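Residues per chain are reported as follows:
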Amino acid sequence: MACHLTSARASPFYRREIGPVTFGDLLERHEREIFAYALRLTGNRADADDIFQETFLAAFRAWPPPRSGNERAWLYRIATNKCVDRARKTKRLVPLADLRLAAPERDGVTIADLAAAVRTLPPGQRAAFVLRKVEGRAYGEIAAVLECSEDAARSRVAEAMKKLKEAIR
Amino acid sequence: MTLTPLVDDARERLLARARREGLIAVGYDVMDSPLGPLWVAVGPRGVIAIHYGARPDERELARITRTYGPGVVPDRGRCDGLLIELDQYFSGRRRTFDVAVDLAPLTPFQRRILAATARVPYGEVTTYRQVAREAGNEQASRAAGGALGANPIPIVVPCHRVVATDGSLGGYAGGLAAKRRLLALERGTEQVPAGGWPPSRR
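Which chain is which? The protein sequence lines are L and G, in order. Residue numbering for the first sequence follows this note's numbering, starting at 1 and increasing by one per position. Residue numbering for the second sequence follows this note's numbering, starting at 1 and increasing by one per position.
No lab work stands behind these hints, which were simulated from the structure alone. Treat each hint with caution, since some may be false.
Selected chain G positions facing chain L (in silico; Cβ < 7 Å) [what the hints assert, rightly or not]:
id	residue
1	Val7
2	Pro70
3	Val72
Since we're looking at a predicted model, the values are computed, not measured. All C-beta atoms, glycine included, are put in the ideal place defined by N, C-alpha and C.
So that you can see chain L by itself, here it is in the shape it has in the complex (with noise of 0.2 Å):
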C-alpha cells in the first residue's frame, strides 16, 4: 500500500524563515530575549514579568504577526511601548539591586553608578540605550522596535551615552 508509506516523515525543525505557525511557537522562540529585555528595561522582575505578559498577550490578541520573519522587531516594539506606557504612568523608580542585570560592568565605574544614571533617562533613551548597548541590536532594528528612523535611533543612543558620561563623571 504505497499510500500508507511515510516511514521516516520528514520532520524538519522550524525554519526561521517561515513565520510562527502557533502561539507556541512564537514563545518557543522569543520568550527568553523578550523576558530579558523587560528585565533590563524595567530592572525588577515584578515589572518584567507584567510586561512579558502583556507583551505576549497583546501578541496573540493582534495575531497573525505582522510579517513572516519579522515578528521579533514586532514583540520588541510592543515590549517597549508596554514599558514606555507603564513608566509614564508610574513614574517609577528602578530598585537599584535589580539594576544589576540592567547594567554592563565598566572600569572605573559600579555597577551602582550606572545603574542610578541608566533608571534617570527618559524611557525612549533607555530602550535605546538597552537595545544598543546591552544587547547589541543593529540600529535598523533598534530603529524597528522603536518606531524611528535609523538616525533617530542613533542620536537617542547617542543622547543616552551623553547623559550617561555627565552622570558618572
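Based on the hints, put chain G in the right spot on chain L.
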C-alpha cells in the same frame, strides 16, 4: 542569577491568563517513549495529534491551526491523561485507550476508516482491504491506505494493526521498525523490561 526559572514562571502565568481569556485551544507536550520522542496535542474535545518526533512539521501544525486557531501552546497538565495511558500501553499494562479523541477535522471517509481501525482488537491485525470494506467500500483499499497514512493519532487509533493483503507490513508514519515493535509488544513477543519501560516523560 539564571533566567530560566524566571522565564518558566512568567510563561506559566502568561498561559494561565491566556487560558482564562479563551485564547488557548490546544495544549501539547513531548514524551520520551520507547519509540523515541512523541509530540502529543489535546484539543477542546480530546486528543488531536500524536506525532513521531519531538516536533511536528509545518504542514501538521498548519492542519491543527486551520481547525483550532493559533492558540496551540505547551501544556503538560492537559496532556497528562493521555501520557499516562501511553505509558501504561508501552509497559504492557493497557490494551485499550480511554481518552477521548477528536477526529472531527477529517473527511467522513477518513473517519470511517479510522473508526474501523479502532475496532481491531489489541494484538490482532487486519488488512487495508478489510478496513476499506468495513468503511463501506471494499474497492477503496488504496484510499484506506491513504487515510491511515494520514492518521493524526497513531497508537491510540491503532493503524499499526493494519497490514497489506499479502501479509507484508505496508507502511507506517513512525517507520516500519516502530510498527513491528508495536505489534510485537501487543503479541507479547517483545520482552518488557522488569518494572516496565524506562520513564517515558521528558
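Structure-based check of all given hints:
Against a cut-off of 7 Å between C-beta atoms, the interface hint on Val7 (chain G) holds, since the closest Cβ of chain L lies about 5 Å away. At its closest, the beta carbon of Pro70 (chain G) sits 5 Å from a beta carbon of chain L; the interface hint therefore holds under the 7 Å criterion. At its closest, the beta carbon of Val72 (chain G) sits 4 Å from a beta carbon of chain L; the interface hint therefore holds under the 7 Å criterion.
Hint compliance for this structure: every hint is met.
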